[in-house]
Amino acid sequence: MQREQANFQSTRRVRFVKELWSFILEIKASAYLGLKTYFRYPAWIAADIITTPLWILVFILPILLFLPKEMWRNPQVINFFYWAMIMWDIVSAGLWSFGMAIRREQQTGTLEFLFLTNANRAVMFARSIFTRMLTLSISITYMTAIFMLLFGTPISFVNPMGIIAVLLLGLLVSCGFGELYGALVFRFKNVGPVTNILQFVILGISGIFFPITSIPDPYRVISYLSPFTYIADMVRHEAMSLPTLLPVWMEWMLLVLLAVVLNFVGLKTIQWIEKNLKIRGELGAY
Amino acid sequence: MGFAQLHVLKGVFVKQVKILSRYIGSIVTIAVMPYMIGGLFTGIGYAVGGPSAQRNFVANTGISNPLLYMVLGGSIMLAAMIIMENVGSVIREEQLIGTFELHYLTPNNFILLWFYHIIPVALLMIMIFAFNVTPILLYEGGILSPIEWVVASFVVFLSMVPLVGVGLVIAALTVRFKEVDAVINVINSGITLLSGFFYPLEIFPRIIQEIAALVPTSHAVELLREIVAYKSIPLDTPSKLLVLAVLSVVYLAVGSITYKRWEEHAKRTGELSKY
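Top to bottom, those sequences are chains A and B. When you line the first sequence up against the working numbering, it's residues 141 to 426, in that order. When you line the second sequence up against the working numbering, it's residues 98 to 372, in that order.
FYI, nobody ran anything at the bench for these hints, they're computed from the structure. Don't take each hint at face value.
[Unchecked claim] Dumping the calculated SDA-like pairs for lysine to any residue here, alpha-carbon to alpha-carbon at most 20 Å:
#1 A:Lys209 <-> B:Gly140
#2 A:Lys176 <-> B:Asp278
#3 A:Lys209 <-> B:Ala156
#4 A:Lys209 <-> B:Ala150
#5 A:Lys209 <-> B:Ile300
#6 A:Lys176 <-> A:Phe270
#7 B:Lys364 <-> B:Leu193
#8 A:Lys209 <-> B:Pro148
#9 B:Lys112 <-> B:Phe197
#10 A:Lys209 <-> B:Pro302
#11 A:Lys209 <-> A:Met288
#12 A:Lys209 <-> B:Ile305
#13 A:Lys209 <-> B:Arg152
#14 B:Lys112 <-> B:Ile216
#15 A:Lys209 <-> B:Ser149
#16 A:Lys168 <-> A:Leu308
#17 A:Lys209 <-> B:Asn162
#18 A:Lys209 <-> B:Ala144
#19 A:Lys209 <-> A:Leu290
#20 A:Lys209 <-> B:Tyr143
#21 A:Lys209 <-> B:Glu299
#22 B:Lys328 <-> B:Phe251
#23 B:Lys107 <-> B:Phe197
#24 B:Lys364 <-> B:Leu270
#25 B:Lys364 <-> B:Leu210
#26 A:Lys209 <-> B:Phe301
#27 A:Lys209 <-> B:Gly159
#28 A:Lys209 <-> B:Gly147
#29 A:Lys168 <-> A:Phe179
#30 A:Lys209 <-> B:Arg303
#31 A:Lys168 <-> A:Leu312
#32 A:Lys209 <-> B:Gln306
#33 B:Lys107 <-> B:Phe254
#34 B:Lys328 <-> B:Ser242
#35 A:Lys168 <-> A:Phe270
So here's chain A without its partners, still in its complex pose (with noise of 0.2 Å):
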C-alpha cells in the first residue's frame, strides 16, 4: 500500500517536472519567433531610434500649450510625461501584442496548425510581449538621454528595484488585459479602428498623462475600474516618490491580484472561445 502511494507521488512529480520542462520550451520557443522576427527587419529598429524623440516632441508639445512658458522645463512636468511615454508602451504592448499575432496568423494560415499541439495558448501569442521587454528597456535608457537633452531636466529614479518590479508586473498585468483582448479579436476576426480607438481610451482614463485626481469625482469611478491606472500610479511612486490612491502595500498586492486574475480569466476566455470556434468550424476564417 505504502509502495503503492509512493509509486503514485513518484509519477504525479516526473509528470509535474516534465509539464513544467514543457512549458519552459513553448516560453522559449515564443520568445525566439519574437525576437528572431525583431531582429529581420534592422530598418525599423534604426527608423525607431530616429523618429522615437520627433514623435515624443510631437505628442508632449501640445500639452505644455496649457502650461505657462516658464513650467516648460518644471521637472516634475517633465518627470510626469517621461513615465507617461514609457506607461503608453506598457499600454500598447498588452493591446497589439496577442490581437495581432492571432490575427496575423488568422491571415497566413498557420492558425489553424498552431491549434493542432497542445501549446499554452496564451504562450503561444505573447511573442511580441518578449521584444517589448527588449524595447522597453531600450525606450527607457534611450528616452532618459532625449528628455534631459530636450528638456535639460534629469529623470527620477528614486527607487530602481521598485520601477522594474513595477514595470515587469505591469506588463504581467497588460498581457492578461490582452489576452482578453485577444481573445475577441480571435472571435470577431477584423476588429479594425478598435485597438486604436481603445488605446486612447485607456491613456484617457487611466490617469497616465496627468494624476486621476484632476478628474471629477463621477467619472473618476471609471479611472478606479482600470488596471493601468494602479500601474501608472505605482510607477509614478517608485521613480518620482508620489503619493498612490492607495496604501502603498495594497497598491502591491492588487496588482499581483491583477496580473494573476487577468491572465488567468483571459486564457480560459480563449480556449473556450477556441472550443466554439471549432464547433463551428470558423478557426481558421478570416
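Starting from the known structure of chain A, arrange chain B on it as the hints suggest.
For chain B alone, coordinates are given in the frame of chain A:
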C-alpha cells in the same frame, strides 16, 4: 490630348471612389481620428494645466478654442500622411495583384496617372476637414462664409499637391525596395514635427523655423488656422498661396525625377513587375 486625359482622370476617379467606398470603416476611423487626437491633447492639457489651462493656451497660441486648434491640425496631419503613403500603396497594390505592368501598355503619362489617383483621396480629405471643423464652429455659434470655405478647401488641396512629390519618392523606394514602412515612418515624423499641426512653430529656435518653412503643410496649417479661427481671409493669403504653389512645383519636380529614374532603371533590369 486634353480630352483623352479627362477620360483617364474619369476612369481613375471612378476606380478610386469604388475602392474607397468599399472600406467605410477606415473612412469613419479617419474622420473621427482628429477628434480622438484633439480630444486627448485637450483633455490632458486641461487636466495638467488646471484652472488656468485656457488662459495659458490663449497666451501661447493666440487662439481661444483648443479643441478647434487641435482638430484642425489633426485633420491636416492625417490628410498629409494619407496622401504621402497613397501613391506608394497604389503602385504596390497594382504590383501585388499583377496589374502594374498593364498600365505600361497604355500611352499614358505615368506621373499624371499616379497624380490622378490622389485627387479622390484629396477631395475626401477636404470633406473630412469640413466634417471635423464644422461642429466646433457651430457650437461656437459661427460658421465660415462660402468664400472662406472655398479658400480653405483650396488651401487644403494645394497643400496636398507637393506631398504627391514626396509620395512619388516613396513610391520609387517602395517598388525598388518593396517594404519601406520604416522610411515612411521617418518622413512622416519629420513632416509632422516641422508642420506645427498641434503647436505654433514660433516655439522652435529660428533655424528650425527656417527649415519648417520648406515644409508645405506648415504654411497651410498657419493659413487655415487664421481662416477658421478668426473667420476671415488674411491679407497675406495670396503670398502664402504663391509659396505653396512654388513648393508644389519643386516637390513635384523632385518626385517626378526620382520616380522616372527608378522607372528607367526598372525597365532596363526587368524589375518593373517584380515583387
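Going down the list of hints, with the structure as the test:
1. Our distance criterion of 20 Å between C-alpha atoms is met by Lys209 (chain A) and Gly140 (chain B), whose separation comes to about 19 Å.
2. A threshold of 20 Å between alpha carbons decides the hint, and for Lys176 (chain A) with Asp278 (chain B) the separation of about 19 Å falls inside it, so the pair holds.
3. For the hint pairing Lys209 (chain A) with Ala156 (chain B), the CA-to-CA distance comes to about 9 Å; that is within 20 Å, so the pair holds.
4. This hinted pair checks out: Lys209 (chain A) and Ala150 (chain B) have alpha carbons roughly 12 Å apart, not beyond 20 Å.
5. Simply put, Lys209 (chain A) and Ile300 (chain B) have alpha-carbon atoms about 10 Å apart, close enough for the 20 Å limit, and the pair holds.
6. Proposed proximity of Lys176 (chain A) and Phe270 (chain A) is supported: the alpha carbons are some 11 Å apart, at most 20 Å.
7. With a C-alpha separation of about 18 Å, the suggested pair Lys364 (chain B) and Leu193 (chain B) falls inside the 20 Å cut-off, and the hint holds.
8. Pair hint Lys209 (chain A) plus Pro148 (chain B) holds up; C-alpha atoms about 16 Å apart against a cutoff of 20 Å.
9. For the suggested pair Lys112 (chain B) and Phe197 (chain B), the alpha carbons sit about 15 Å apart, so the restraint of at most 20 Å is met.
10. Distance check on the hinted pair: Lys209 (chain A) and Pro302 (chain B) sit about 15 Å apart at the alpha-carbon level, within 20 Å; holds.
11. Pair hint Lys209 (chain A) plus Met288 (chain A) holds up; C-alpha atoms about 18 Å apart against a cutoff of 20 Å.
12. Between Lys209 (chain A) and Ile305 (chain B), the direct Cα distance comes to roughly 19 Å. Compliance with the 20 Å bound is thereby established for this hinted pair.
13. Annotation: proposed proximity of Lys209 (chain A) to Arg152 (chain B) holds, straight-line Cα distance about 12 Å (limit 20 Å).
14. Restraint check for Lys112 (chain B) and Ile216 (chain B): satisfied, since their Cα atoms lie roughly 12 Å apart, inside the 20 Å limit.
15. Restraint check for Lys209 (chain A) and Ser149 (chain B): satisfied, since their Cα atoms lie roughly 13 Å apart, inside the 20 Å limit.
16. Between Lys168 (chain A) and Leu308 (chain A) the alpha-carbon distance is near 18 Å, which keeps this suggested pair within the 20 Å criterion.
17. Taking the CA atoms of Lys209 (chain A) and Asn162 (chain B), the gap is about 19 Å. The hint holds against a cut of 20 Å.
18. Restraint check for Lys209 (chain A) and Ala144 (chain B): satisfied, since their Cα atoms lie roughly 17 Å apart, inside the 20 Å limit.
19. The suggested pairing of Lys209 (chain A) with Leu290 (chain A) holds, with an alpha-carbon distance near 15 Å, which does not exceed 20 Å.
20. Annotation: proposed proximity of Lys209 (chain A) to Tyr143 (chain B) holds, straight-line Cα distance about 15 Å (limit 20 Å).
21. This hinted pair checks out: Lys209 (chain A) and Glu299 (chain B) have alpha carbons roughly 13 Å apart, not beyond 20 Å.
22. A threshold of 20 Å between alpha carbons decides the hint, and for Lys328 (chain B) with Phe251 (chain B) the separation of about 16 Å falls inside it, so the pair holds.
23. For the proposed pair Lys107 (chain B) and Phe197 (chain B), the alpha carbon gap of about 19 Å is at most 20 Å, so the pair holds.
24. A hinted pair counts as satisfied when its Cα atoms are at most 20 Å apart, and Lys364 (chain B) with Leu270 (chain B) qualifies at roughly 15 Å.
25. At roughly 18 Å between alpha-carbon atoms, Lys364 (chain B) and Leu210 (chain B) fall within 20 Å of each other, so this suggested pair holds.
26. Under the criterion of a C-alpha separation no larger than 20 Å, the hint pairing Lys209 (chain A) with Phe301 (chain B) is consistent with the structure, at around 13 Å.
27. Between Lys209 (chain A) and Gly159 (chain B), the direct Cα distance comes to roughly 14 Å. Compliance with the 20 Å bound is thereby established for this hinted pair.
28. With a C-alpha separation of about 15 Å, the suggested pairing of Lys209 (chain A) with Gly147 (chain B) holds against the 20 Å cut-off.
29. With a CA separation close to 16 Å, the supplied pair Lys168 (chain A) and Phe179 (chain A) stays within the 20 Å bound.
30. Distance hint between Lys209 (chain A) and Arg303 (chain B) is fulfilled; the C-alpha atoms sit about 18 Å from each other, no more than 20 Å.
31. Between Lys168 (chain A) and Leu312 (chain A), the direct Cα distance comes to roughly 17 Å. Compliance with the 20 Å bound is thereby established for this hinted pair.
32. This hinted pair checks out: Lys209 (chain A) and Gln306 (chain B) have alpha carbons roughly 18 Å apart, not beyond 20 Å.
33. Between the alpha carbons of Lys107 (chain B) and Phe254 (chain B) the distance comes to roughly 18 Å, so the proposed pair stays at or under 20 Å and holds.
34. The straight-line distance between the Cα atoms of Lys328 (chain B) and Ser242 (chain B) is roughly 8 Å, inside the 20 Å bound, and the hint therefore holds.
35. For the proposed pair Lys168 (chain A) and Phe270 (chain A), the alpha carbon gap of about 10 Å is at most 20 Å, so the pair holds.
Checked against the numbered hints listed earlier, the structure breaks none of them; every hint is satisfied.
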